[in-house]
Structures are given as C-alpha cells and as structure tokens.
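Q: These protein sequence lines map, in sequence, to chains U and Y. Okay, so the first sequence: first residue is 1 according to the UniProt record's numbering, each after it adds one. Okay, so the second sequence: first residue is 1 according to the UniProt record's numbering, each after it adds one.
Each hint should be verified, as a subset may be incorrect.
To be verified - The calculated lysine to any residue pairs, modelled on SDA-like cross-linking and capped at a C-alpha distance of 25 Å, are:
1) Lys-51/U to Thr-84/Y
2) Lys-194/Y to Asn-104/U
3) Lys-51/U to Thr-124/Y
4) Lys-194/U to Ala-137/Y
5) Lys-194/Y to Thr-174/U
6) Lys-194/U to Asp-54/Y
7) Lys-51/Y to Pro-180/Y
8) Lys-51/U to Arg-198/Y
9) Lys-51/U to Ala-137/Y
10) Lys-51/U to Pro-180/Y
11) Lys-51/Y to Lys-51/U
12) Lys-194/Y to Ser-167/U
13) Lys-51/U to Phe-191/Y
Hints listed in this document are in silico derivations from the structure and should not be mistaken for laboratory results.
Given next are the chains, with one letter for each unit.
Protein chains: 2
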Amino acid sequence: MKTEHISSAFDADLEHIQALMLRMGGLVETALHDAMTALQQGDLELAERVKAGDRVIDDLELEIGAEVERVIALRAPTAGDLRTVLSVLTMASTLERCGDYARNMAKRMRVLEQFRYASTLNGTLRRMSRVVESMLADALDAYVSRDLDKARDVIDRDLEVDQLYNSLFRELLTHMMEDPRTIAPAMHLHFIAKNIERVGDHATNLSEQAIYLVTGERPDDARPKQDVTSLNLSDLRDG
Amino acid sequence: MKTEHISSAFDADLEHIQALMLRMGGLVETALHDAMTALQQGDLELAERVKAGDRVIDDLELEIGAEVERVIALRAPTAGDLRTVLSVLTMASTLERCGDYARNMAKRMRVLEQFRYASTLNGTLRRMSRVVESMLADALDAYVSRDLDKARDVIDRDLEVDQLYNSLFRELLTHMMEDPRTIAPAMHLHFIAKNIERVGDHATNLSEQAIYLVTGERPDDARPKQDVTSLNLSDLRDG
C-alpha cells in the first residue's frame, strides 16, 4: 500500500522524520519502564532521571515539528505524502503527552515509597505497564511498516489494559475503606494507574492513525471502551 | 506582527480554518460549562447531551485536518504562513482532548449525583471551571488576534487553577479520611478536578503556541508549575 512519492529526496526526508519519531517513541517506552521500576524498587534516583529525561522527549517533538515544516516548504508534497507527513505531527504530540505521563508517575515516587502496602499492587501495575509499553512499540512499528494486522492487534490489547485498570481501581477502593492511612498513597497509585491507562489509549490512537493512513478509514467508532469505573460503583460505595 | 501572505485566497482559507477552530473552541467551552452545571444540579439529561455532543467536536477536528491538508496542497504556503496553518493542527488536537475531558466529567455524574456531600465542594470546582473556561476563550482569542498580553495573562491565570486544585485535593483527602463512605465519590470528584486542571494546562499550551507564532520563542521554560499534591502529603497522610 505504498503511496507514490514525488521524489526520492522526499523519501529520505520522510525516513529521517520517522526515525526521529521512533527515537522519541523509544525514549517514551524507556521512561515508562523506568518510572515503573523506580516505583517498584523505591529508586528515587531513577525517578529523577525519568523527570530530567522528559526534556529530551519534548525537544524531539519540537525538532520533528521543525522538520515537518522544512519538508513541506521544500518538497511541497501532496495527497498521500502530505497526509503522511502531517500525521507525524499529531503522533509526535501524542508521544509527548505519553512522556508527560511517565514524568508525572516519576514525580509521585517520593510520596509512595514510604508506603509498604503499595508493593502488593505493583503486580497489577507492572503488568499494565508492560502491556502498554509493548502497545506503544507495536503501534509505531505498525505505522512505519503500514502493518494493518499489527495495528488492529494493538487496539485489541487495550481491552486488557482497561480490565487491569478496573480491577486495580476496585482493589484500591477496598484498601482505602479498610485502612484510611492508605488513602493518600492510594490516590497517587490511582493516578499512576490512570496515566498508564491513558498511554494505552494513546497507543490505540497511534494505531488508528496508522490504519487511517493505509485504508483512509477511521476505526474510532468500533473501538470498545472499557473503563467502567464511572458506572459500577454502587456495590462498592458503602464498603 | 502580520506575516506576509502569498495570496488573499490563502487569507480567506486561513480565516475559514480559524473560524472552524473557534467554533470548536466554543463547543468545548460549552461542554465544560454544561458538564459542571450537570454536576452541580444533578442534571443527568444535560450530562447525556454533553456526552453526545463530543462527537461534533471530534468531527470538527477531522474537518480542520482535512482543510489544513487541502490548503497546504493548494496554496503551498511557506515560512510564517505554513507555521500558522500547521499550528492549527496541534491546537485542534488539544481542543479535542479538552472535549474528551468534558465528556469524561459528564460520564461521572451518575455516580456523583447520589452523594449530597459533593455539593459542598461544588464551589471550588465551579470556580476552577469558570477560570478554565475563560482561559480557553482568551487563549483562542489571543491566537487569532496575535495578542501577546492576553496570551501571557492566560498563562498567569493557570496558577490560580493549580492553587484551587491543590486546595480541593486536600479537602477531598480530609473528607475521605473522616468518612470512608465518601471515598468512592471523592475519587470521582478528584478526577473531575484533575480534568479541569488539565484543561487549564491545555489553555496554557494554546497560549504558548500563540506566543510562539508571534515571537518565535517558546515560553515553556518559564512556566510555573503548581500542582504540588505529589510533594506535600506528609502532613496529611495520618489524617
């Protein structure tokens, strides 16, 4: 499903921009992974590195924006080529937000590492994080290789993330109601879980963009949405 | 600070795209306002309308994307004109996310309207929401009129939102620790507050984009960041 290119110079430009985006994606995955490791091991130094590293991710977004501008001005791409270059802008902005989530997770370590009980929840969080990291990697891969099956597989996997998030949410509520001292750290764990869940949503967005570039269709409508915590609390609210 | 335009046809195109963006911004403001009203008055029907209305906001983002593509292919803008058109893409994606936050707020009404105590917090939430709505409106206004002072004023006002958020966070923790039955609704209120706070961040992003278009400088570095809830919980965690 390759689009026709106006020149091989454009191909080289596009490859360069995509390489920047893949580098950005790799840094975001690492940031998520390191933020989770820092949480699990109470590693404040690693958390600091994640926070500091977000600047590199932000700078890459600006660099990609400048490159896209340069390539459009220089090569005047049209049709599919133009759409491809423009899609990188939105994807880079999505990745930048995922980087922010990782930084935000790392910022909460200082509160969490004081609380032993948090470790019991780490299993679920770690699983969520692993799934989401692989979704991000595969979404970018699907985009670059125009692999529809891989893109659809990423979208399917978001269901698992949503299910893990929902079970963690219930677990946290139980903890909080049983022991009020866990309320503050549980609020932070909840945020960390929600951030990971959002990265999963963003990976889904990236996959949808990949599908759109190949098929011209937006699969949004069919996407299952499984964060049900806003609907089914009636059985939990009295503890 | 007008950039030189390649043709008056381009001017007309740009005006059309900006009009679409302003319409999108207006719908997002209304969605936020209605979501808050629905929360305050327990108006489930209004909440449903907010949820249904998000589709119109999403469609406008797609329409803006298609228009940007069309204008670039047709007019081949360069330099400042190109940057202006491209900036609309990022801004529309930001507005789309703000619309998602409003929809997300509306989705939580069904849980919240059962809880009387929520109304005591409505004052702070409503204030946050009002500030954020005006920030959004002013950010778009500053962008269209290239008004640096107005853009900087929006960025300053984000401090107030962050302070309101922090005080609400503390208030919620107190409620939860005093009465475990409030834990579940408090978690939802917390999300609503965080969503509003994020819209404030996005309004700040829009203002920074407006400033960048005029000055070529990114004011990110100087931005004060005042969500301190991740840092100052030690005095709260034992109730």
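Q: Take the hints in turn and mark each one as holding or not.
A: Okay, the hints, checked on the actual structure:
1. For the hint pairing Lys-51/U with Thr-84/Y, the CA-to-CA distance comes to about 31 Å; that exceeds 25 Å, so the pair is violated.
2. Using a Cα cut-off of 25 Å, the hinted pair Lys-194/Y and Asn-104/U holds, with the two alpha carbons roughly 13 Å apart.
3. Of the pairs offered as hints, the one joining Lys-51/U and Thr-124/Y is violated, with about 30 Å between alpha carbons and a cut-off of 25 Å exceeded.
4. The straight-line distance between the Cα atoms of Lys-194/U and Ala-137/Y is roughly 28 Å, outside the 25 Å bound, and the hint therefore fails.
5. The straight-line distance between the Cα atoms of Lys-194/Y and Thr-174/U is roughly 22 Å, inside the 25 Å bound, and the hint therefore holds.
6. A C-alpha spacing of about 21 Å is found between Lys-194/U and Asp-54/Y, which places the hinted pair at or below 25 Å, so the restraint holds.
7. Using a Cα cut-off of 25 Å, the hinted pair Lys-51/Y and Pro-180/Y is violated, with the two alpha carbons roughly 30 Å apart.
8. Taken as a hint, the Lys-51/U and Arg-198/Y pair is honoured in the structure, with Cα atoms around 19 Å apart against an allowance of 25 Å.
9. At roughly 31 Å between alpha-carbon atoms, Lys-51/U and Ala-137/Y are farther apart than 25 Å, so this suggested pair is violated.
10. Taken as a hint, the Lys-51/U and Pro-180/Y pair is broken in the structure, with Cα atoms around 34 Å apart against an allowance of 25 Å.
11. Taken as a hint, the Lys-51/Y and Lys-51/U pair is broken in the structure, with Cα atoms around 35 Å apart against an allowance of 25 Å.
12. For the hint linking Lys-194/Y to Ser-167/U, the alpha-carbon distance of about 21 Å falls within 25 Å, and the restraint holds.
13. Of the supplied pair hints, the one linking Lys-51/U and Phe-191/Y holds, its CA atoms being roughly 23 Å apart against a limit of 25 Å.
The structure fails hints 1, 3, 4, 7, 9, 10, 11 (numbered hints given earlier, in ascending order).
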